[in-house]
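Peer 1: One-letter residues, chain by chain:
2 protein chains.
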Amino acid sequence: MELIVELLNITTGGNRIAVVSEQTASQLGVQSSDRIKITYGDKTSIAIINIAEHFPSNRIGLFEETEGALGVKGDEVVDVALAPLPESLFNIRAKLRGERLREKDIVAIVKDVVERHLSTAEIAAFLTALNIYGLSTGETEALSRAMIMTGKTLNFGASPILDKHSVGGIPGDKTSMLVVPIVAAAGFTIPKTSSRAITSPAGTADRVETLCPVTLSINEIYETVKKTGGCLVWGGSLELAPADDLFIQVEYPLGIDPMLLPSILSKKKAIGATHVAIDIPTGMGAKIKTRQEAYTLASDFIDLGKRLGLNIQCALTFGDQPLGCGIGPALEAREALQTLMGGGPPDLREKAVSLSSMLFEMVGVENPRGMAQDMIDSGKAERKMREIIAAQGGNPAVKPEDLPVGPKSAVVRSKEAGKVLWLSTDDIVRIARMAGAPKEKGAGVLLHAKLGDYVRKDGVLIEVFAERSSKLSAALELANQLTPIVLSKKPEAKMVLDTIPEKPPHEKSFMLDR
Amino acid sequence: MELIVELLNITTGGNRIAVVSEQTASQLGVQSSDRIKITYGDKTSIAIINIAEHFPSNRIGLFEETEGALGVKGDEVVDVALAPLPESLFNIRAKLRGERLREKDIVAIVKDVVERHLSTAEIAAFLTALNIYGLSTGETEALSRAMIMTGKTLNFGASPILDKHSVGGIPGDKTSMLVVPIVAAAGFTIPKTSSRAITSPAGTADRVETLCPVTLSINEIYETVKKTGGCLVWGGSLELAPADDLFIQVEYPLGIDPMLLPSILSKKKAIGATHVAIDIPTGMGAKIKTRQEAYTLASDFIDLGKRLGLNIQCALTFGDQPLGCGIGPALEAREALQTLMGGGPPDLREKAVSLSSMLFEMVGVENPRGMAQDMIDSGKAERKMREIIAAQGGNPAVKPEDLPVGPKSAVVRSKEAGKVLWLSTDDIVRIARMAGAPKEKGAGVLLHAKLGDYVRKDGVLIEVFAERSSKLSAALELANQLTPIVLSKKPEAKMVLDTIPEKPPHEKSFMLDR
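Top line first, the protein sequences correspond to chains A and B.
Under the working numbering, the first sequence is numbered contiguously, ending at residue 766.
Under the working numbering, the second sequence is numbered contiguously, ending at residue 766.
Looking at chain A on its own, in the form it has when it is part of the complex (with noise of 0.2 Å):
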């Protein structure tokens, strides 16, 4: 039937939708969540239908981006059918049924996806289903093709591109930070892509965006790693296997993550990577909880990467407290700052030479840790991160105390003197995104005693910052909620660590990031 556009001139985040009425709707034998077919001269596209109650009959409204595939204006005339359901709806139907599915399956969904062609419910149900049964190995295989395939590479020539990789989870983590001038300080290429925090108070490219831009195109990587070797970059906005984004932002509110493997990856895959360290912090505090649970990834992230070409080496890592003292991005670049400069907590520096010198052996280096270790005391590492700083836009000769973090802040101290017996990664986290961070980039928490640290009574736990006085306070009364640090004065007089009067409170923690 005919209808007249309406541009409603508002983008839905992506999905096509297109909005009739019910007496529409009902002339066109279409349900809510079916998908119309809207001709508009020679071209056609596929929209999913929103029935609005009160909205003229003879209208469809388009959201921008059906307007901008059709190329319609407002008040011309489309033409509009029930278009039959999408071959991929199927293949998640099937595997709702817990049915294996092909490699084509597989890629007819992440295809539907990138063209958004599958509503966010119908993403989530498939999402769930893949939670819950698990993915075949041959499904973790075509997932992850399918999500290079439909997205944009890069090629830095040179072989080997070595990259460097944390399957996320305990706060403070900077080490990238590190790993990469010190492998390209040694004249190793490592073109390193990063994230933003979802779930954490940082990602790398908040933590690196304190000294330098890190939104950069694709022409400007290439710029940056020919001139210094590497480079420190937002990955989100280059359109490497972009269906992953989209699964994330689905998985986000669902706390899933099923697709951890193909998600990591494609995207080591589609940035050239031929070899890559995979470190998989396992502990307490972190996202991998067992040692036994860090081996199994482990094997599962070597047998992807064979199939897909990649050479991988895995590290387990101490993820029982936070890595180093700065939670939140400014206080974690001042810290990686420092401790490229020969200062700086030991656990960071031995985590950063022991995952470099991972990668220098990999490509056949004679001495991998007295290269990594060389790499910071000469002041090498150091040079080539100003390198970096300054090729993607930043002031090379930035010194640490320059990074502005605060200025609100306060300490919290504790009630008893004893020994730290263990810190909670989820209540730090917490504690430094009430303060502001991810977002507020000076926010965070500095942490003042660590495992086994002693503390005296009225002694300094945590010290928290924040950009406004109402973001400190309301970080200051959840610290004073929450227990981030337990001192014990011996472990014996502590052996009920809580107790539970009913079903325990439903809010556990749940870390996206990568």
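The list treats identical chains as interchangeable, and a pair is accepted whether it falls inside one copy or across any two copies.
Pairs of lysine to aspartate or glutamate, DMTMM-like flavour, derived with a Cα cap of 25 Å:
#1 Lys-404 to Glu-305
#2 Lys-660 to Asp-331
#3 Lys-660 to Glu-254
#4 Lys-325 to Glu-258
#5 Lys-363 to Glu-305
Honestly, the hints are just simulated from the structure, not real lab data.
In this text, all values refer to a predicted model and were calculated from it rather than measured experimentally.
Please build the complex by placing chain B on the supplied structure of chain A, with the hints as guidance.
Peer 2: Quick look at chain B alone, frame taken from chain A:
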């Protein structure tokens, strides 16, 4: 932060959604699908965030639902802050992990569904998890009670209140149009609410609407039932268990139906039913394929009924072919009327008599089957049906042939001679819907051959009716591609039913109609 209201003047179909720019989202610290709390004077509303690329960053776009909740006008200023995720979302996450939900967890979810605090993606994930894990008896009961609690309930005073329901699945099942007048003619109360077709060619509401209005207010329903003892109305606008309607909307594209039991029984309980006969059509052509499935479903119905205080009996009925011959709203209403007048197809009469007598037996009638037959043979049921038609605002003198079918029609003939070996109800449904049913009430299919009938070469298999010649052609084309009726001289000549060159195509039929 303070933002200026921009009214979008369009509904979302229920969800409370607010639009902000990327920059504003970043300042608020919200991701797409996070919630915000909007305050206007002394009113507040929670809305789900939709991030739009090109939106003025000092403004917030409100769809009509949120506009209505706040009572705000365009260009007024509202205060906006990040809101915590609703507690019910943590319950959904627990279900995604396979945890069993407590009654209060389920109440929280259902309330937030009705109050539109959960996105369709979140509801889809919940329903997918229920579909895969299944529901415990306690969860089924809690869901039913929560759905009743969050909707309206009817009270017809006099006990017993009888009802009849089919789990659906075979086309042409117009039994309710006979059971209601038979039971009401015997002096009992049977206020029947029913649905429109979703995936089938006609729902009871669609069929009855060819005789009289079915969209009645609650007061009009009370009037009709007081006058006649029965009614045949559309339940969709009565807000009985409204959560169920919202769940069905999300289930429809996913092809899943995890809440069949609570969905049906919550509506029975909401209209105050005390005795319910549940029809479970069982067979190749029905939703329930095997007797074992049917027996399990029946015992689940009886068990849930007990928990909800409903007296339930189930009937396993023959589901290998459509009931009667007419499929499509007007064709079916004709057949129902003919059967009440003493004619009609014998399978329809038999089924209506059996289900009515089951209800009579439940309330202690002495010769239940005799009473049901007598109601038809004496003409009392027909007169009662005409009373109901009049009370609902239709013409009580209507004759079957008055109901307009077609006007376009054509027959499909057999290419060979033989006995009907089987009928594909899926194919028949697709042809009837292609012809225009259920939206075009005169459209549908009339079967000229049923199981065991002999058809000569060039004999008529089916007759297709449509309101428009384009739809008639499309339906005939489909009928020629498909094989709705399979003939064979002797079964051993047709041992191979189909051959599979690869994994079979995905388009499995899905029946969401109740």
